[in-house]
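Given the sequences, and given the hints that come with them, work out the whole structure.
Protein chains in written order, with my numbering: chain D, 2 to 342; chain S, 2 to 342.
It is worth saying that the hints were derived from the structure and are not from the lab.
Some, not all, of what chain S presents toward chain D, calculated at C-beta under 10 Å:
1. Pro221
2. Ile253
3. Lys271
Note that the Cβ used here is the ideal one computed from N, Cα and C, for glycine as well.
Protein chains: 2
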Amino acid sequence: MQDTVRVAVDAMGGDNAPLEIVKGAVEAVNEREELQLFLVGNEGRIEAELAKYQFKREKITVVPASEEISCDEAPVMAIRKKKDSSIVVALNLVKEGKADAFVSAGSSGAILVGGQLIIGRIKGIERPPLAPLIPTLKGVSLLIDCGANVDARPSHLVQFAQMGSIYMENILGISKPRVAIVNIGAEEAKGNALVKETYPLLKECKDINFIGSIEARDIPYGMADVIVSEAFVGNVILKLSEGLAGALVSAIKDGMMSTTRSKMGALLVKPALKETLKKFDATEYGGAPLLGLNGLVVKVHGSSKSKEVKNALIQCIQFKAEGINDKIKENIIKKKEENMN
Amino acid sequence: MQDTVRVAVDAMGGDNAPLEIVKGAVEAVNEREELQLFLVGNEGRIEAELAKYQFKREKITVVPASEEISCDEAPVMAIRKKKDSSIVVALNLVKEGKADAFVSAGSSGAILVGGQLIIGRIKGIERPPLAPLIPTLKGVSLLIDCGANVDARPSHLVQFAQMGSIYMENILGISKPRVAIVNIGAEEAKGNALVKETYPLLKECKDINFIGSIEARDIPYGMADVIVSEAFVGNVILKLSEGLAGALVSAIKDGMMSTTRSKMGALLVKPALKETLKKFDATEYGGAPLLGLNGLVVKVHGSSKSKEVKNALIQCIQFKAEGINDKIKENIIKKKEENMN
Numbered sequence: 002m003q004d005t006v007r008v009a010v011d012a013m014g015g016d017n018a019p020l021e022i023v024k025g026a027v028e029a030v031n032e033r034e035e036l037q038l039f040l041v042g043n044e045g046r047i048e049a050e051l052a053k054y055q056f057k058r059e060k061i062t063v064v065p066a067s068e069e070i071s072c073d074e075a076p077v078m079a080i081r082k083k084k085d086s087s088i089v090v091a092l093n094l095v096k097e098g099k100a101d102a103f104v105s106a107g108s109s110g111a112i113l114v115g116g117q118l119i120i121g122r123i124k125g126i127e128r129p130p131l132a133p134l135i136p137t138l139k140g141v142s143l144l145i146d147c148g149a150n151v152d153a154r155p156s157h158l159v160q161f162a163q164m165g166s167i168y169m170e171n172i173l174g175i176s177k178p179r180v181a182i183v184n185i186g187a188e189e190a191k192g193n194a195l196v197k198e199t200y201p202l203l204k205e206c207k208d209i210n211f212i213g214s215i216e217a218r219d220i221p222y223g224m225a226d227v228i229v230s231e232a233f234v235g236n237v238i239l240k241l242s243e244g245l246a247g248a249l250v251s252a253i254k255d256g257m258m259s260t261t262r263s264k265m266g267a268l269l270v271k272p273a274l275k276e277t278l279k280k281f282d283a284t285e286y287g288g289a290p291l292l293g294l295n296g297l298v299v300k301v302h303g304s305s306k307s308k309e310v311k312n313a314l315i316q317c318i319q320f321k322a323e324g325i326n327d328k329i330k331e332n333i334i335k336k337k338e339e340n341m342n
Numbered sequence: 002m003q004d005t006v007r008v009a010v011d012a013m014g015g016d017n018a019p020l021e022i023v024k025g026a027v028e029a030v031n032e033r034e035e036l037q038l039f040l041v042g043n044e045g046r047i048e049a050e051l052a053k054y055q056f057k058r059e060k061i062t063v064v065p066a067s068e069e070i071s072c073d074e075a076p077v078m079a080i081r082k083k084k085d086s087s088i089v090v091a092l093n094l095v096k097e098g099k100a101d102a103f104v105s106a107g108s109s110g111a112i113l114v115g116g117q118l119i120i121g122r123i124k125g126i127e128r129p130p131l132a133p134l135i136p137t138l139k140g141v142s143l144l145i146d147c148g149a150n151v152d153a154r155p156s157h158l159v160q161f162a163q164m165g166s167i168y169m170e171n172i173l174g175i176s177k178p179r180v181a182i183v184n185i186g187a188e189e190a191k192g193n194a195l196v197k198e199t200y201p202l203l204k205e206c207k208d209i210n211f212i213g214s215i216e217a218r219d220i221p222y223g224m225a226d227v228i229v230s231e232a233f234v235g236n237v238i239l240k241l242s243e244g245l246a247g248a249l250v251s252a253i254k255d256g257m258m259s260t261t262r263s264k265m266g267a268l269l270v271k272p273a274l275k276e277t278l279k280k281f282d283a284t285e286y287g288g289a290p291l292l293g294l295n296g297l298v299v300k301v302h303g304s305s306k307s308k309e310v311k312n313a314l315i316q317c318i319q320f321k322a323e324g325i326n327d328k329i330k331e332n333i334i335k336k337k338e339e340n341m342n
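Take a look at the structure:
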């Protein structure tokens, strides 16, 4: 028998809450026996959504929370004041050991602040990065950090590289993952002040396989497994990838509908094209974990539909099985001992 | 009769020099009567390339330069020491009034430093930005800055916004171009230190149509005409757009070749698809001008083929006709007078 994986879900977070969140939760418990979910938020609205579906009722518990945190609110203030918000209540379930993981499509800032204030950072971790997988021609790469840690320091980026490496090795099973730093040229002398300071520190790091700089143009070709960047640049890479893929696909579809000849061709290429585009669809890859916390926090896209929510919930099974944050903690302790010797 | 436009071309710059540079130069003079070109670099190699083509010989003058500046060299040192390099010799032709413009596919750093040291900045301009046009679903947007000005200050970004506005109004004919700053959220409170400081300054600017922040995901949809960013982020946006479009197109082509059915369809959709992809092909839009100098400097992609070189040379005709740098100069003088009153 498999271990139960208990996930506290922010049912009120994201553009399509609670509708798509609840739908994704139902799809997840219907697909994976080991999931046990807490849907946190407005009880009446959640129950109304749940009433639409068939599922084993004992798999989903509704936990009431009377407040919501919007994306416009200042995160620190919101987490401190709104004690009965879906984010705070759900994070407390993880803190108290009642849940193994927290999943939300809500405000990135509030999730980041809440994760740090309520669950807490692993001792020795300076900043917890948000690390989504992005599709490439060769599979996926981990983009670390895309979170709210703007204006990072070199020591933060070094920890991002180490945590990203542990993630790719344990979750994706890639041995000696290739780590690269996003830069505007391949040479060590290139870059802004942050990259120039970080580069030699990464080169010295013995526990990662640092391959140097990566130019943004090489990212979609899968030239590195772990792509290190400060959050502002990481966010631009993530969002631009999504936007450009969407825009290009819509232009291609319009183009194919422009003549009778190409319309006929479109019918024939459609199945193969769909398969190709699925590989480049970020929603296939679930959520992004916030690494380096004393518990599992997973952020899904604000515009997530049920599929993305479901995938993120299923991902938690593997995150728990692999104990990603425990492995990060062991690594930090090991490094400390090495430094003391 | 049209005015002659004289362009000094760095025949030795870029991955495909002198072959593709010379080919592009020939194609340009064969297409546009008013172009008069100086091909600067290794005389023997340039003449050997020229010998392959048919063109009016009086349209192209070979100017010998014995040295080359590579992308690995420190730009300031290279420009100071290599007085007989193709970049320095060509820039001097512009400085001396023998040429109207300089075009190069060589080292961005050397072009930027050379442009400033040899041709000089317009008085009052703090930093000259590199401003390429990028394809969007609605046409093109100007991305400013993608150059070597890393670690920019807020006042630089404000000037980039003003210069970009003048460019889009005069070169593209867009009235009141929409100016936006690249950010990681739409709200004014979002962003890194640089963006937070720059945002209120842009809001106060009366000579631009500032529409606020733009998230990277909205860039390909053409949500702004002038996209302001510091150079590191701008470079990431430019390079990632190129890389992702290339990767996606190659994945789509492979996908279409995967089954017999889709292969047949591919034949039918090909013409329409080609038309669509052409719109997203950055090489169609020629080079990127370095704005704010006392002369016209245009950078083309290091990997440029003849088509991109030809387009950049033809672009110089319009740049000269519109007097883009003169308009920037007038604007700076006008602002100074306004501030004195």
